[in-house]
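Enquirer: Take the sequences, apply the hints, and build the full model.
What follows is the residue order along each chain.
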Amino acid sequence: MLFSLDECLQLLMALLGSAAFALIFHTPEKCIFPAALGGFVSWAVYLLTMHAGRGYLMACLLSGIAAALWAEAFARVMKKPVTVFLISSVIPLIPGRDMYRTMSNLVVGNLGAAAGYGQTMVLSMIFIAGGMSLVAAAFLLFRGRGRQGAM
Amino acid sequence: MEAAGIPGMLMTEKYRVSGRDRLPDRRNEAMTETMEQTAPVIPAGEEDALLQRILDIGDLMLQSGAEIGRVEDTIARIGNAYGAEMDVYVIIYSIVVTMQYPGGRVLTQTRRTRGRDDMEFDRLDRLNDLSRRCCANPMTVGELAAEIDAIRSLHKSRLPHIASCMLAAFAFSLFFGGRPADGIAAAAFSLLFVLLQGILSRYSTNRIFYFLLVSLGVGAGIGAFCRLTGALFNEELVMIGVIMLINPGITMINAVREMIVGNTISGALRLIEATIWTIAMAAGFMLAIHITGGIA
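As given, the protein sequences belong to chains A and B, one line each in that order. In terms of the numbering used here, the first sequence opens at residue 87 and continues consecutively. In terms of the numbering used here, the second sequence opens at residue 318 and continues consecutively.
These aren't lab readings, by the way, just hints derived from the structure by calculation. Check before you lean on any hint, since a few could be wrong.
Claimed, not checked - Computed beta-carbon distance windows for the label pairs: (1) B/Gly459 - A/Phe89: 51 to 61 angstroms; (2) B/Thr592 - A/Leu143: 14 to 24 angstroms; (3) B/Arg449 - A/Leu95: 36 to 46 angstroms; (4) A/Val208 - B/Gly421: 50 to 60 angstroms; (5) A/Met164 - B/Arg469: 15 to 25 angstroms; (6) A/Leu88 - B/Gln369: 52 to 62 angstroms; (7) B/Arg422 - A/Leu209: 47 to 57 angstroms; (8) A/Leu197 - B/Asn523: 24 to 34 angstroms; (9) B/Ala585 - A/Arg162: 28 to 38 angstroms.
Claimed, not checked - DSS-like mimics (lysine-lysine), calculated; alpha carbons at most 30 angstroms apart, straight line: (10) A/Lys165 - B/Lys473; (11) A/Lys165 - A/Lys116; (12) A/Lys116 - B/Lys473.
Every residue, glycine too, gets a C-beta built ideally from N, C-alpha and C.
Expert: Here you go:
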């Protein structure tokens with residue numbers, strides 16, 4: 087099997103969670119499913135990269151790139167702004183567990199563990215943002231003159 | 318003689334160099350195309366009102382979660398469609414626009430924006446659509462104002478919002494490894510979050526206290542609940558489900574992205590803010606754990 091049972095559950099919940107956030111952000115109805123699917127795809131890329139033994143930073147970078155590519159593709163197909171699909175696709179990548187563990191370790195006084203989780207959290211976010219920006223920069227390079235397409 | 322590429326570093330007769338001479342500026346290319354067609358001129362008395370409406374659009378876009386680059390681009394394109402040369406500078410708290418009309422009239426207006434990190438994609442999509450239509454067929458100022466008011470007064474009912482918050486809390490609690498019971502508890506406490514969010518957003522303008530009080534309230538609730546129900550629920554996973562609703566993680570990621578794509582001031586500003594909000598949220602949770610630890 088490509089994914090273990092736990093991971094299949096994670097993928098399903100990533101899909102549901104991204105859909106829920108798409109609803110919270112008042113995404114237009116036609117765009118909700120692509121946005122949710124983007125969350126599924128980005129988490130799938132994350133898991134696959136981890137399976138390949140590349141480590142969590144590379145996983146964050148590649149899944150950020152995947153989410154951004156997905157969002158750019160659908161933005162052009164559906165003629166909506168990229169942000170609409172991008173934010174919902176990136177939601178499952180946010181390091182919620184690291185954030186919680188940083189805080190709870192700070193409360194009990196384990197500064198070492200807190201620093202470790204905090205570092206993981208910050209680096210994850212930087213690499214996700216890096217992946218998104220790489221794709222944004224690439225598309226800006228090839229943008230046509232005066233094109234009023236999905237930006 | 319002025320060497321292209323290093324203006325300002327040579328002593329020349331022109332003491333003031335236009336920034337536009339330095340780099341090819343894509344934003345004004347669209348203007349050249351428009352000028353070759355017959356650019357519709359709005360009545361001279363309405364130029365100020367037009368700029369106010371354009372600033373309205375930019376302000377609403379920022380409030381809806383648009384990126385800085387998109388807002389600058391949209392404002393510039395709309396202005397170009399009306400025949401003006403545009404100088405636009407946007408950060409999350411301010412929009413500064415100068416319009417220069419072919420007749421020589423120059424207008425500058427600024428707008429202080431609220432700087433919230435909300436996301437309203439329906440509104441963003443409609444604004445984007447409005448700007449596209451306006452660039453294709455420039456509207457009168459009255460029509461533009463009516464369109465903007467229609468978008469601004471879009472009313473969203475609360476019930477779907479509450480349901481989606483519950484679904485999000487449930488989904489992410491399970492995503493991070495919780496059992497269905499943890500997910501249901503997270504969904505229930507997301508109601509508490511929505512309640513606190515509703516109260517505090519209305520009465521508190523300081524977002525730092527908002528994060529502190531919301532996480533204190535939610536953390537205390539979950540902590541007390543988990544103490545009272547013994548080992549039935551995994552406190553960590555219930556909390557993580559609700560934290561995903563509160564947390565400014567997406568704001569941080571957007572901030573880093575803004576910095577990388579070149580809007581360094583806005584990105585750094587938002588990143589520092591988001592960091593402070595995260596610290597406030599952590600402080601709220603820590604206080605809650607202290608309090609509920611006392612209950613056990």
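Enquirer: All hints, please: hold or fail.
Expert: Hint by hint, here is what the structure shows:
Checking the proposed 51 to 61 angstroms range against B/Gly459 and A/Phe89 shows it holds: the Cβ atoms sit about 57 angstroms from each other. Remark: the range hint 14 to 24 angstroms for B/Thr592 to A/Leu143 is upheld by a beta-carbon distance near 20 angstroms. Roughly 41 angstroms separates the CB atoms of B/Arg449 and A/Leu95, a value that falls within the hinted 36 to 46 angstroms. At roughly 51 angstroms, the beta carbons of A/Val208 and B/Gly421 sit within the given window of 50 to 60 angstroms.
Between A/Met164 and B/Arg469 the beta carbons are some 24 angstroms apart, a value that agrees with the proposed interval 15 to 25 angstroms. At about 56 angstroms, the CB distance of A/Leu88 to B/Gln369 agrees with the hint of 52 to 62 angstroms. In this structure the hint that B/Arg422 and A/Leu209 lie 47 to 57 angstroms apart at CB holds, the actual value being about 51 angstroms. A/Leu197 and B/Asn523 have their C-beta atoms about 29 angstroms apart, which keeps the hinted 24 to 34 angstroms range intact.
A hinted range of 28 to 38 angstroms holds for the C-beta pair B/Ala585 and A/Arg162, which are about 31 angstroms apart. Taking the CA atoms of A/Lys165 and B/Lys473, the gap is about 23 angstroms. The hint holds against a cut of 30 angstroms. Under the criterion of a C-alpha separation no larger than 30 angstroms, the hint pairing A/Lys165 with A/Lys116 is consistent with the structure, at around 11 angstroms. Of the pairs offered as hints, the one joining A/Lys116 and B/Lys473 holds, with about 17 angstroms between alpha carbons and a cut-off of 30 angstroms not exceeded.
Of the numbered hints given earlier, the model fails none.
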